[in-house]
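Hey, can you work out the whole structure from these sequences and the hints?
Protein chains in written order, with this note's numbering: chain A, 1 to 228; chain B, 1 to 475.
Derived from the structure by calculation, the hints contain no laboratory data.
Please note that a few of the clues may not be correct.
[As the list claims (entries may be wrong)] Label-pair ranges, simulated between beta-carbon atoms: (1) A:Thr-211 x B:Leu-146: 20 to 26 Å; (2) A:Ser-44 x B:Ala-37: 24 to 30 Å; (3) A:Lys-39 x B:Leu-427: 58 to 64 Å.
[Claimed, not checked] Cut-off 27 Å, straight-line C-alpha distance, at most; resulting in silico cross-link-like pairs (DSS-like, lysine-lysine): (4) B:Lys-188 x A:Lys-220; (5) A:Lys-124 x B:Lys-104; (6) B:Lys-349 x B:Lys-404; (7) B:Lys-34 x A:Lys-41; (8) A:Lys-117 x B:Lys-188; (9) B:Lys-193 x A:Lys-117; (10) B:Lys-188 x A:Lys-124; (11) A:Lys-86 x A:Lys-220; (12) A:Lys-92 x B:Lys-277; (13) B:Lys-285 x A:Lys-117; (14) B:Lys-353 x B:Lys-388; (15) A:Lys-73 x A:Lys-53; (16) B:Lys-285 x A:Lys-92; (17) A:Lys-117 x B:Lys-277; (18) A:Lys-39 x B:Lys-374; (19) A:Lys-220 x B:Lys-159; (20) B:Lys-188 x A:Lys-86; (21) A:Lys-220 x A:Lys-117; (22) A:Lys-41 x B:Lys-374; (23) B:Lys-188 x A:Lys-82.
Don't be surprised by glycine CBs; every beta carbon is placed ideally from N, CA and C.
These are the residues of each chain, in order.
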Amino acid sequence: MNSSAASRNNILTRLQQTTEVLQKDSGNFTFHEGSSFDKGKRWSTEEKVVRLKRMMEAVHTEVHLCGENTWIKTLCSVLEQKQIRKILYGAKTGLAQELVNLKQESPEMIPELIDYKDPIEESKDLLFEIDAAITTTRGGIAETGSLILWPTPDEPRLMSLVPPIHIAVLYASDIYSTFREAMISENWSSEMPTNALLISGPSKTADIEQTLVYGIHGCKELVVLVLQ
Amino acid sequence: MLSTEQFKKDTFSALNNPQLRGNFKRAMSGLMQKRLAVFPDDQEFFQLREIGHSARANALHKLPELLQQLESNCSKNGIQVYWAETVDQANQLVLEIAQRHNAKSMVKGKSMVSEEMELNHFLEQHGIEALEADLGEYIIQVDHELPSHIIMPAIHKNKEQIAQMFHQKVEPSVFVESAEEMTAIARKVLRRKFYQADIGVSGVNFAVAETGTLCLVENEGNGRFCTTLPPVHIALMGIEKVVEHLEDVPPLLSLLTRSATGQAITTYFNMITSPRKDGEKDGPKNVYLIMLDNGRTQMHSDQLLRETLLCIRCGACMNHCPVYTRIGGHAYSTTYPGPIGKILTPQMKGLHKAGYLADASSLCGACVEVCPVKIPITEILLRLRHQKEEDKGNFPLTSPKAWKAGASDLVWKGWKTVFSNPEMYRLKSLGIAKLGNFTPRWMPVLRNWTSVRSTPVFAKKNLHQLAREEGLSYE
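What follows is the structure, given as structure tokens:
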């Protein structure tokens, strides 16, 4: 690793020399404000929901619009239709309580709930064998049809990647118009998490003769429950 | 191997390979249409690329400060940063990290810098398996080939060829014909590899100086696997990839995915700011960032040439290049093919070695029109050609190269004399109109063209005459 310090020094010295010379030549640099990038792209909640749904469905995502009280019913029918026997969830999240309650009331409605409670070193097999995972989201982006996820210790990063089915719960009120709006309103630059993600559909590839195929490495199916 | 002769030979054989030309033509037309569909409004595109250009130009303007800021923020977040001037040093750094962690196997997300380094080959020599996990990269790695496109590495192969490859070289050997079935096999094989790998390697699309964040753009999820599941993550980036603010990212991301594949956004946009923190259950415990120069500081030292470093590697220039579309990516024998390769490679490898690549362009400018960050590719090509001619004085007089250069000089001098003198120009036009059509088809040089095409017929009157007859007062 000794070479790194010398390389660092050489690279920076060369860059600094040319920067001094060129800055004299070119005078002041004019910068085009990024703010004009998404100017005019601000939509109402209804419009955002419609747009997000359309964009996500175009890339093979199942989007269900539900009421705050009926979402669990929709979830049950999704679970039944996809014959999910075991589902990974974060035991300390807001939606966990509802799942656990329902499981106690009517056990046949909800598959076995499994908590991602141990570090990946001990959970690898569990993760690679499970049918599905359900997670919360931090928000959504209407323009591109994207979910925003900031994985936490309770809902780790691999939940939205390894299981073949990912079910995500999104509050309509958390949908932003654009990516830029989301990062600025929430002041992301002051506190970026370990990992922040935009997810826009199930994993896909077109590497074989440009034929679009869903479900290459990440999840094969993405289901979004939008709570209005 | 890089040489004019080899390039000519490979170009010739590519042009005579109907299968290859069909594969490329189909793929490039598709990509052009997809891009057009997501940029329906020219004005919006022009405005957006102005913003993208200035985010990138600003980063190059402040490059030394931003690299230090990136380094200090990454370090603060727990990412270990290393610098490499050459590809050899970068390879050595990867090896040292691997040895430190007793690693035997690596899985890789797509990274063009790792292609520059020829990292897989290097690691193999040191007994470490480095497996490509992007489906396209995986296909060509198994088939012992190199990428022919920077976004779609296996684009030169059609489905039948890939099906054969899976049948012959992937365990368990089965013959399947559909892209779905082949994808399913690759998913199974590579999941096992992700599960076992000691280290994950990735590239970097944007590195944000203000937050110390590494951004990765992908559709497949292999990039997320490589950067999340193995206990160690090594990110490789060229020093030009830094941007100043997090806010610079949305316009660049939009330009990148729309220009590359016509997508509004890719499936995953992955922003990594630190290794696994206490209490977190997954993610690598060690994250390393290796920043590579490999000729970039040299490019940075020149006002025009530094614009090469604006590039965000979308590949739109090659998708729209009439030369690339006809000869494909392999004929160039370079890591970066197409227009961007023609300006990047001579600067990385030296004009004396790869300068001929700058000649392989008709200067039509299609690449410049679609470039999302406004790289003046044709201007840079001309500059490189010019510089190459200037360097020619260094050939010994007796070498064939000097003779060839002398002959070409003479032709150009003659051309200049005729075209800068109205009388001589008129005489030339008259001569061509009267005698041009008597030129025999078998004439040397000319027959390279006429042997496979009909001979063009010269018009009796030239444009000037026609314009005068029409009564046009200006020409």
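So, going through the hints one by one against the coordinates:
At roughly 22 Å, the beta carbons of Thr-211 (chain A) and Leu-146 (chain B) sit within the given window of 20 to 26 Å. Checked against the hint of 24 to 30 Å, the C-beta distance between Ser-44 (chain A) and Ala-37 (chain B) comes to roughly 27 Å, which is consistent with it. Judged by the Cβ atoms, the range 58 to 64 Å given for Lys-39 (chain A) and Leu-427 (chain B) holds: they are separated by roughly 59 Å. Restraint check for Lys-188 (chain B) and Lys-220 (chain A): satisfied, since their Cα atoms lie roughly 13 Å apart, inside the 27 Å limit.
As the CA atoms of Lys-124 (chain A) and Lys-104 (chain B) are separated by approximately 19 Å, the hinted pair is consistent with the 27 Å bound. The hinted pair formed by Lys-349 (chain B) and Lys-404 (chain B) meets the criterion: a straight-line CA distance of about 23 Å does not exceed 27 Å. For a cut-off of 27 Å, the pair hint linking Lys-34 (chain B) to Lys-41 (chain A) stands: about 23 Å separates their Cα positions. For the hint linking Lys-117 (chain A) to Lys-188 (chain B), the alpha-carbon distance of about 26 Å falls within 27 Å, and the restraint holds.
Taken as a hint, the Lys-193 (chain B) and Lys-117 (chain A) pair is honoured in the structure, with Cα atoms around 24 Å apart against an allowance of 27 Å. For a cut-off of 27 Å, the pair hint linking Lys-188 (chain B) to Lys-124 (chain A) stands: about 16 Å separates their Cα positions. For the hint pairing Lys-86 (chain A) with Lys-220 (chain A), the CA-to-CA distance comes to about 16 Å; that is within 27 Å, so the pair holds. Taking the CA atoms of Lys-92 (chain A) and Lys-277 (chain B), the gap is about 18 Å. The hint holds against a cut of 27 Å.
For a cut-off of 27 Å, the pair hint linking Lys-285 (chain B) to Lys-117 (chain A) stands: about 18 Å separates their Cα positions. A hinted pair counts as satisfied when its Cα atoms are at most 27 Å apart, and Lys-353 (chain B) with Lys-388 (chain B) qualifies at roughly 11 Å. Between Lys-73 (chain A) and Lys-53 (chain A) the alpha-carbon distance is near 20 Å, which keeps this suggested pair within the 27 Å criterion. A distance of roughly 24 Å separates the Cα atoms of Lys-285 (chain B) and Lys-92 (chain A); the hinted pair therefore holds under the 27 Å criterion.
Taking the CA atoms of Lys-117 (chain A) and Lys-277 (chain B), the gap is near 15 Å; set against the 27 Å cutoff, the hint holds. Taking the CA atoms of Lys-39 (chain A) and Lys-374 (chain B), the gap is near 22 Å; set against the 27 Å cutoff, the hint holds. Our distance criterion of 27 Å between C-alpha atoms is met by Lys-220 (chain A) and Lys-159 (chain B), whose separation comes to about 22 Å. About 21 Å separates the Cα atoms of Lys-188 (chain B) and Lys-86 (chain A), which keeps this hinted pair within 27 Å; it holds.
Taken as a hint, the Lys-220 (chain A) and Lys-117 (chain A) pair is honoured in the structure, with Cα atoms around 24 Å apart against an allowance of 27 Å. Between Lys-41 (chain A) and Lys-374 (chain B), the direct Cα distance comes to roughly 25 Å. Compliance with the 27 Å bound is thereby established for this hinted pair. Restraint check for Lys-188 (chain B) and Lys-82 (chain A): satisfied, since their Cα atoms lie roughly 21 Å apart, inside the 27 Å limit.
Checked against the numbered hints above, the structure breaks none of them.
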